[in-house]
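Below, each chain spelled out in residue letters.
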Amino acid sequence: MVKKEDKGINGLAEFLASKILEALERHGELILEDVEIEVDELELIVQPGMIRQVIKAPPVEKILKLAEVRFEEPVMEWVGKVVEVKIGATKSEGGTRDRTLVVGGESLPPFYLFKGSMPHPPVIAMDVFDMKIKLPKSVRQHFEDVLNDPAEWARRCVEKYGAEIINLHLVSTDPYVKDTPPSEAAKVVEEVLQAVKVPLTIGGSGDPVKDVKVFKKVIDVAEGERVVLNSLNLDMKLEDIAEYLRNKDAVVIAFTPMDLDKARELNRKLYDYLPKERIMMDTNIAGIGYGLEYGFTVMERARLAALKGDADLQHPIVAGVTNAWAAREAWMKMDPYWGPKEIRGPIWETITGLATLLAGADYLMMMHPFSIKTLKDIISFFLRGEPTRSEDIYDWVSMKIG
Amino acid sequence: MPWKAVSPIEIYKLLPRTNCKKCGEENCMAFAVRLVNMETKLEKCTPLLEESKYNQNYEKLREILNPPVKEIEIRSDKRVVKIGGEYVMHRHELTYINPTPIAIDVDDTMSKEELIRRIDIAENFKYDYIGRSLTLDLIAVRSVSNDPEKFRKTVGFVASNTSFPLVLCSLNPRIIEAGLSAIPDGRPLVYALTKDNWQRIIELAKKYGVPVTIFSPGDLDTLVSLAKTALDNGVNDIALDPGTFVGRKGLGYTLNAFTMLRWKACNDDYKLAGFPLVGTPITAWKTVEGDSQTKMWWETVTAAMLIIRYADLLIMHSIEGWSLLPLVMLRFNIYTDPRKPVSVEPGLRIIGNPGELSPVMITGNFALTYYIVSGDIEAGKIDCYLLVVDTEGIAVECAVPGRKLLPENVAELLKSSGVEEKVKHRILIIPGKAARLAGDIEDATGWKVLVGPLDSKDIPKFIGEKWTPQIIEELSRS
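Sequences listed follow chains A and B, in order.
Residues -17 to 384, numbered by this note's numbering, are exactly what the first sequence covers, in order.
Residues -1 to 476, numbered by this note's numbering, are exactly what the second sequence covers, in order.
A couple of the hints might just be wrong.
No more than 35 Å apart at the CA atoms, straight line, and that leaves these computed lysine-lysine pairs for DSBU-like [unchecked claim]: (1) 355/A - 63/A; (2) 226/B - 244/A; (3) 199/A - 226/B; (4) 68/A - 226/B; (5) 47/A - 226/B.
In case anyone wonders, no lab produced these hints; they're calculated from the structure.
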């Protein structure tokens, strides 16, 4: 109860006004409930200076509204397109494969799925060698009993590990290894073609002279299967091997060592003999810590150039992800803190493979079953992942782990 | 507009042109060249900052040279970590600037022993690679208890036990304020401002002068709306987190979101995307089904994806070596300046346990050459001395015709490395690609030269065939 009779009604009004202002200042608002004021005329005189004081709010109260803006989607235009290359031939196409694969066809940078679709997801091929070779233990343990039998090795890859394509490497044909003659190498190819029905890629030893002889022989026994030859390079007599392949149903991988000018040069030379749709290119990749950045950037530049219209680079890209195993960290015994090599190896191959996917690779050559499985999962998450639910992660900061 | 190289002349015209050398360069033109190569900072030109007549030029220069992705500093009293500051989408367009720092998390329900254990592992993480130490960068402190007092104490304890700058993580502004009050001298990164707490977090960011992360998982419209609100209210140091979804439910979304945001910043001059991006692979611990190894596996894979695709800071839970090692090496690779050949220190490398009859080989100091050659030698389990000759970071193949592999340098290195005292023989194996220098190297060094294979992968076979007692004997006699 306010008692201020002495100063009369004016005094009361003044007093009330000051109380109201005080309350306003403190609480921001004042609601008068059940108040009866019995006067003829009530004038509340509030000093201008005091008003300013009242409405001067702390800074936070100025932010009344959240700005509403839409995220503007990126604008981009790409004029080039990667050719589509078909691998393998089914019965109706003159071969004996149970499926064919198509790689390439992109008109957007790798996994720019916010701008459109990827016509053919990257494929992963599993490596098989034609002789027992040194393999890191964590890979070897999956193939220990088939290392001397490429056909069985290939069957293991397809039946147990779901390989969509086999990469047979005829390393024994190397003049400095076993110098296996082309005719024997061709027999191995026949055996593998019998053992598995997925498409096949056939690699030589890397000796430019011997590889030409081997490729000529194996392509004859693989007639009609639309196999891939891995690989042709600038050190080879292209007028010999490319000419020989002119009328064969085979795809080639054009290999160059991390050099875009050489990649263009080789492709241009091959155009004299082969249609573009029969050429993939391998610009070479190295594992994490062993030059990954060079291979990554050459691959990325090749793909971006292709999409910008460089017609000499519009080919699906092959990545030898297996090279990741050359890194010491992938196979060496290290201090226990770094973990067992059985997991370091697969993570090395997985991340190297992931890097090539993001740089533009269409065809990955890999070895470890778990790395391959992870990469397939990643590709499917990129392509067909379920929509996000923000509540799944919204409160991650306060989760209790362990 | 994608980032385009600025001409040094354009920069030079706006500099004082007094050649005062205060920036440490010989003259203003040299400074301009360093500026366009992103090798120095505009602020090193003190007259530009201090003299009012240059005000306008300074502003113009800032506009020209400022990166499309703002650079933000996170500090403790001992260290500074810079995030963002990027100019390009693809490293070959210039170079990436600030390698993605990795923050390791701790939380306020952990015991002091556990906090110390995790801090020590993070601080002591070190891997020597190409003569550099690869390390971790930050500690992220999370509030799990949702108790401000507990958080304040934990932040204080962590700060006094680490030199790393901190990221303070909670969606509750009261908790964030408690954390900030515990480290008055630091400049931690606040995580996070959201659609639910933005008013209070903006207030705190201003009061404490700290950078904040805006977190809007799965909703880019809200992300940029919050960014605009923060900027409109005077909070300029912000980072963006569009949400790191791991696995089937959203890995693709995350890849798209990071890629789109960076595209908008670098190519479309869209200011609201021009901030560092924060990735949180740690969410794998919440969303991935399975044992901790599985969660860690996907956390690692997601972190790798984000190092390649545009994250400027990562928050992780895993402190296992196998998880962090490939990430710090990948990060080093991706952030290496592609304009400069990566070289290793010239000198003697001892591989395995060589003795006085072990082979001595030479190679160039192009990093890739060196690593491939030494890797092949190690894989072949060969004990030897490898002399890395200074070829100015050029591969042997190019160094020979380019006259970068000089016989006199080889001779000098044989002496200075002390290898002459380590072996009894005087036979030097040179790369097959340097075969035509064999005679000159023999003349310059007085050693017998044995020409090695063209490709280092054949070194083990070569040594097996050519490094026999008879051949050593023969060569030593001739």
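Earlier hints that do not hold, by number: 2, 3 and 4
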